[in-house]
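Chains as they are written, first to last, in UniProt numbering: chain A, 1 to 132; chain B, 1 to 154.
Simulated from the structure, these hints should not be mistaken for laboratory data.
Among these hints, one or two may not hold up.
[What the hints assert, rightly or not] Taking lysine-lysine pairs in the BS3-like style, the calculated list, with each CA pair at most 27 Å apart, reads:
1) LYS48/A x LYS120/B
2) LYS73/B x LYS48/A
3) LYS127/B x LYS48/A
4) LYS55/B x LYS72/B
5) LYS14/A x LYS122/A
6) LYS15/B x LYS127/B
7) LYS122/A x LYS15/B
8) LYS72/B x LYS15/B
9) LYS48/A x LYS58/A
10) LYS14/A x LYS58/A
11) LYS129/A x LYS48/A
12) LYS15/B x LYS120/B
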Amino acid sequence: MAAQGRHGGKKSNKMTALVVDDNTVNRMIHHRLLDNLGIENVAVVNGKEAVDIHCSGKTFDLILMDMDMPVMNGIEATRQLREMGIRSMIAGVSTRSMEREIREFIEAGLDDYQEKPLTMSKLISIIHKING
Amino acid sequence: MEVGQMQRRLVDYTKTLFMEGFLDAQFLQLQQLQDESNPDFVVEVVSLFFDDSEKLLNDLSMALDQPNVDFKKVDAHVHQLKGSSSSIGAQRVKNACIAFRNFCEEQNIDATLRCLQQVKHEYYLVKNKLETLLRLEQQIVAAGGSIPATEMGF
Numbered sequence: 001m002a003a004q005g006r007h008g009g010k011k012s013n014k015m016t017a018l019v020v021d022d023n024t025v026n027r028m029i030h031h032r033l034l035d036n037l038g039i040e041n042v043a044v045v046n047g048k049e050a051v052d053i054h055c056s057g058k059t060f061d062l063i064l065m066d067m068d069m070p071v072m073n074g075i076e077a078t079r080q081l082r083e084m085g086i087r088s089m090i091a092g093v094s095t096r097s098m099e100r101e102i103r104e105f106i107e108a109g110l111d112d113y114q115e116k117p118l119t120m121s122k123l124i125s126i127i128h129k130i131n132g
Numbered sequence: 001m002e003v004g005q006m007q008r009r010l011v012d013y014t015k016t017l018f019m020e021g022f023l024d025a026q027f028l029q030l031q032q033l034q035d036e037s038n039p040d041f042v043v044e045v046v047s048l049f050f051d052d053s054e055k056l057l058n059d060l061s062m063a064l065d066q067p068n069v070d071f072k073k074v075d076a077h078v079h080q081l082k083g084s085s086s087s088i089g090a091q092r093v094k095n096a097c098i099a100f101r102n103f104c105e106e107q108n109i110d111a112t113l114r115c116l117q118q119v120k121h122e123y124y125l126v127k128n129k130l131e132t133l134l135r136l137e138q139q140i141v142a143a144g145g146s147i148p149a150t151e152m153g154f
């Protein structure tokens, strides 16, 4: 899977992803799921770190964004990233089941939403959206 | 005990854990993520879950022991525990956390104390079961065998 080369013209053959989740077990599982698909990935622990890593100049093909996090939650982080002009695929992953809450998350700028826990098939369906 | 017997024992034990609701399909996901390049993945994630959970249970005990219980804090800890137990497939722990969060919302101190006991009970049960399962796997690998895939027809 080739990266789209939409960030600074640097083309690589590996997709890149950012995992944003405050839960250590989830970070480990999401990292392994992505690794298994050959996707280079890094993890941060809250929305503010997700914004900061983009401020430092890094971009990613895919962002897996948890909703409930301390310091800055996924809704606010998604909003800020979109305001910064980040066009990466942002997939919200959450355990929330209330339609209103999910809608608020989606309206913040998500490209996709998946209910946790994340599985291989859910991740693959997210990735198909990037390439499709 | 020869390897074939050990493998059958592992398969039967794993199936029992699913049937009794200790584990759900998410645990299968973890097993599928383990391969030759990551042969210890399940052990690593489960160990992380144990460490994380025990810390959370301690934090919960302390938070519920305060004269003025901060239910927001309690709920935040339970939310974390629910998240990790759900991610590794520890179904009964996850369900106990769901009930716990409902009582946190009601700010019911007696009920939340009972919930904490229930979550601890379920956690130590599944910890024991998982340690047994992982020990069976270790024995098979040590005897030169491979860990059979869990066929659950999901």
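The hints, checked one at a time:
1. LYS48/A x LYS120/B: 33 Å, violated
2. LYS73/B x LYS48/A: 20 Å, holds
3. LYS127/B x LYS48/A: 34 Å, violated
4. LYS55/B x LYS72/B: 18 Å, holds
5. LYS14/A x LYS122/A: 20 Å, holds
6. LYS15/B x LYS127/B: 16 Å, holds
7. LYS122/A x LYS15/B: Holds: LYS122/A and LYS15/B sit about 25 Å apart, inside 27 Å.
8. LYS72/B x LYS15/B: 38 Å, violated
9. LYS48/A x LYS58/A: Holds, because 14 Å separates the two Cα atoms, which is no more than 27 Å.
10. LYS14/A x LYS58/A: Holds, at about 15 Å.
11. LYS129/A x LYS48/A: Status holds; Cα separation ~26 Å.
12. LYS15/B x LYS120/B: OK: LYS15/B and LYS120/B at ~23 Å, within 27 Å.
This entry does not satisfy hints 1, 3 and 8, going by the numbered hints stated previously.
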